[in-house]
Amino acid sequence: MQILAERAKAPSARLMTESFRGRQEFTQPDSNGTQEQITLSQPISCLGVGLHSGAPVRMRLKPAPLHHGIAFSRIDRPDSSLIPARYDHVIDTRLSTVIACPHDSLTRVATIEHLMAALHANGIDNALIEIDGPEVPVLDGSAAEFDFLLQCAGKAPQQASRQRIEVLQRVRVEGPHGAYAELRPARRGLALAMSIDFHASAIGQQRYAMPLTQNRFRQDVANCRTFVERHDIEALQKAGLARGGSLDNAIVVDGAEILNPSGLRRANEFVRHKLMDAVGDLYLAGHTLQAGFMGHKSGHGLNNQLLRTLFSDQSNWRLVQDTTVSPALSAAA
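Position 171 of the sequence shown, counted from 1, bears residue number 179 in the working numbering, the numbering being contiguous throughout.
Treat the hints with care, since some could be wrong.
Claimed, not checked - Estimated spans, in silico, between C-beta atoms of each pair:
id, residue 1, residue 2, range
1, 275, 240, 22 to 28 Å
2, 75, 55, 41 to 47 Å
3, 140, 244, 22 to 28 Å
4, 75, 212, 40 to 46 Å
If you are wondering where the hints come from, they were derived from the structure by calculation, not from laboratory data.
Small disclaimer: the values here were computed from a predicted structure and weren't measured.
Note that CB positions come from ideal geometry on N, CA and C, so glycine has one too.
Could you put together the complete structure from these sequences and hints?
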């Protein structure tokens with residue numbers, strides 16, 4: 009990754025180890041730890057390649073005004089509209105989460121989930137992402153380098169309260185072979201539990217659960233990479249996909265063997281990556297959720313179906329505004 013930044017040095021962060029026992033995951037505080045909306049302190053840019061296109065791409069993350077949300081701008085298509093990072097703008101979930109302009113499916117941005125996960129975990133409410141191609145750069149195949157970019161840019165509080173989406177009743181969607189994803193009411197915060205089951209013995213059955221806080225995200229799942237089974241690579245490349253994939257940005261599995269010379273970064277890196285994907289996909293709700301998420305063999309498709317089902321019935325949710333803001337912001341408002 010090549011970073012083009014106005015601020016060259018990342019702020020230091022002390023990583024805290026938090027315990028997770030029983031159902032504590034459904035009662036943890038919000039990841040941001042504050043109640044005011046947050047944007048970036050300054051722009052920051054990076055260069056990389058698209059995982060599937062293999063094409064070079066430049067991306068710039070910029071501050072945005074109150075109530076802007078997260079939105080993408082295809083600057084290589086100057087007459088196109090902004091693409092809000094929302095579940096109802098998702099047009100494809102087969103290999104990544106892809107969003108597009110409602111009336112122009114060619115103005116799209118693919119593979120947004122890792123960046124969205126980092127924005128979610130860092131509590132960024134408002135940001136404009138300018139990109140000169142159809143796919144977010146893959147960088148190292150995880151969310152860690154996006155998280156680093158956000159640390160370099162810094163955070164700026166804004167003079168309005170945050171909003172969150174409170175889940176009021178259980179919502180569940182199911183897929184083939186026992187896959188499911190569901191949301192449950194929670195007293196506060198967002199917590200996630202994920203399980204997977206793969207035939208490849210290097211992956212097998214894995215489970216992981218955690219509350220979504222900035223520290224837990226950064227310490228436990230941010231650097232967990234995307235993965236692929238070796239026998240799938242040829243088919244992907246024949247379909248014109250995975251052109252930017254390599255052992256530098258993906259874990260490749262062949263039965264019981266991990267083909268990456270450096271091995272895994274974490275125990276259970278595979279399920280941790282799937283949980284990280286869910287953190288990104290769920291931020292397409294438009295605000296952070298007050299809920300417990302549970303997924304079994306859930307991917308981008310089920311995660312998106314879950315949000316569509318949630319918002320299909322007003323009795324499932326309500327929008328809550330946090331009324332507690334910092335004294336400085338209250339005085340300035």
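* Checking against the hints above, which ones are violated? -> 2
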